[in-house]
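In case you want the letters, here they are:
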Amino acid sequence: MAVEINKEKYRSQVREVVLGATSADGGTRTSTIKVGGEASLPFLQFEGAIPNRPVVAMEVWDIVPEDWPANLKSALGDVISDPAAWAKKCVEEYGADMIALRFKGADPDLGDKSAEDCIAVLKSVLSAVGVPLIVYGCGKADKDNTIMGPLAESAEGENLLLGVAEQDNYKSVASAAMAYKHSIIAQSPIDINIAKQLNILISEMSTPLLDRIVIDPTIAALGYGIEYSYSIMERARFGALSGDRMLAMPMIGNVGNEVWVKKEASVSVSEQPGWGDEAERSMAWEAATAAALLQAGMDILVMRHPRAVELVKKSIDDLMQDNSY
Amino acid sequence: MIMIGERINGMFRDIANAIREKDPGPVQEWARKQEAMGAGYLDLNVGPAVADRVSAMRWLVEVTQEVSKLPLCLDSTDYDAIEAGLEVCKNPAMINSVPAVQEKMDRVFALAAKYDAEVIGLAMSEEGIPKDAESRVALAMELVANCDAHGISIDKLYIDPLALPANVGQAHGPEVFETLRQIKLLSDPPPKTTVGLSNISQGTKNRELLNRNFAVMAMACGLDSAICDACDEELVAAIATGRILLNLDIYCDSYVDVFKSQNQ
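Quick note, the sequences are listed as chains Z and B, same order. Numbered per our numbering, the first sequence spans residues 1 to 325. Numbered per our numbering, the second sequence spans residues 1001 to 1264.
Don't read these hints as lab results, they were simulated from the structure. Glycine included, every Cβ here is placed at the ideal spot set by N, Cα and C. Warning: the hint list may mix true and false statements.
Claimed, not checked - The calculated lysine-lysine pairs, modelled on PhoX-like cross-linking and capped at a C-alpha distance of 25 Å, are:
id	chain 1	residue 1	chain 2	residue 2
1	B	Lys1192	Z	Lys9
2	Z	Lys9	B	Lys1090
3	B	Lys1205	Z	Lys9
Claimed, not checked - With the Cβ distance kept under 10 Å, some of the chain Z side facing chain B (calculated, not the full set):
id	residue
4	Ile192
5	Asn193
6	Ile194
7	Ala195
8	Lys196
9	Gln197
10	Asn199
11	Ile200
12	Leu201
13	Glu204
14	Met205
15	Arg235
16	Ala236
Can you make the complete structure from the sequences, with help from the hints?
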């Protein structure tokens, strides 16, 4: 008698979210990306389908990222002074699936750029690359509320992934996504209850937006509490698979943003001889953080270092090898 | 806990009239209302006064399916009427119900296997409802064995330990709770459980209070579902809260609304 292997049966699955729009759908992207749709825990194809591979978005700033560690800036080269060239290099040379454009220059303390300035940069990046775009503000809510609407309007129909909606500041981004046909990042502070509540609040503004939400559970870098992020993501995914509609969204993580501000990413080998060469170490820190989050169900990894991206994409290739039986 | 909405029942005058006059209006209105309150199944009962139960059940199934995708719970002691309903169900349904009486189990479990239906099994025999938990569990075991003999997965069997009105059968309360706990030890996977919730308050003056207290106490003993008034706001809120406290749903501030909208 054949041995019957016990497989977990799940009631439900993660929603699929399409990012970007080609000319057929009112945009100008040359390709779109589909994320989510998982019907099992990460990469357990033998228990349920993993129809879409996780993707890597590479981060591009509208201004030169002066604070980034020297070894990261030199890995990227001169392009960091030109967002369009930077984005093009990420896609064509480093194989980025998406570009995450961050308008850091709109920060009142870093140049206070106007909505018009930001729109010009967005347009230049949209014409430089054909992949779908993620658009982040500067991170200061008051200023972001003045630029996200105009940015969304200027790219109407492109189905950008707009960041970020938070529990006490979600209406302007959600309205912009509704009005100009974009998707939305719902960000919660490592808190499953707020993640769920925020999705409810957004869906109360517009039910169809439920299929255009990507959850940002807020992740931490390796060594800085990644296990908290991991357990929140795991709980959300279990919820999604057992039928919780309000947690059944794909997830996005700002890996580069967390990793590259930590001392492991910049302290030199002469200061810490036991830590090894800083260029190799910092790159590996980003790759290792991303690899761990893949195992927790991350769908979109926002990253910075080309070599780390290469390693993670290789890892995704391996994990996506069909293991169903 | 899953709510099986009880309102489409010929015991209610509006449904009895609707069946008699072939007016789908009231049936479909109650289907929508119960679904909007978070019901997971809709119970359909043609009631006692109908002459042709077979055609009435078929009609109820057809008009309910026009407005709701929820699985249906076909509620009758007339198994010909149940089979007529099963024939026209678009999705797998639930049969309500069968007692632990051999010839009835033979018929009902065969129907369940044929139509891929779930079954509510009553912990009672020809001799009626037992007084204690032990005898109820023994009858539950007979239902489990018969279900298994027909090749039906045990988690498609819902055992109803049978709750009696609090004003006449008060001593049955603790026995019902104990039965609910023990049923989960009968097999792996264990059978599921259900009760006719409104029975507990039949003929009393505190119906809603009794119903919702019984519901949450029974949930703590492992109750999986109940045939109940899904339009009782406070009952629904109490059940949604019970699910949070049992860690069955993930908390958020709007958890009651989430519970209500879960099947939409």
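Against the structure, the hints come out as follows:
no., hint, result
1, B:Lys1192 - Z:Lys9, "holds, 17 Å"
2, Z:Lys9 - B:Lys1090, "holds, 23 Å"
3, B:Lys1205 - Z:Lys9, "violated, 44 Å"
4, Ile192, "holds, 6 Å"
5, Asn193, "holds, 5 Å"
6, Ile194, "holds, 8 Å"
7, Ala195, "holds, 8 Å"
8, Lys196, "holds, 4 Å"
9, Gln197, "holds, 4 Å"
10, Asn199, "holds, 8 Å"
11, Ile200, "holds, 5 Å"
12, Leu201, "holds, 8 Å"
13, Glu204, "holds, 9 Å"
14, Met205, "violated, 14 Å"
15, Arg235, "holds, 7 Å"
16, Ala236, "holds, 8 Å"
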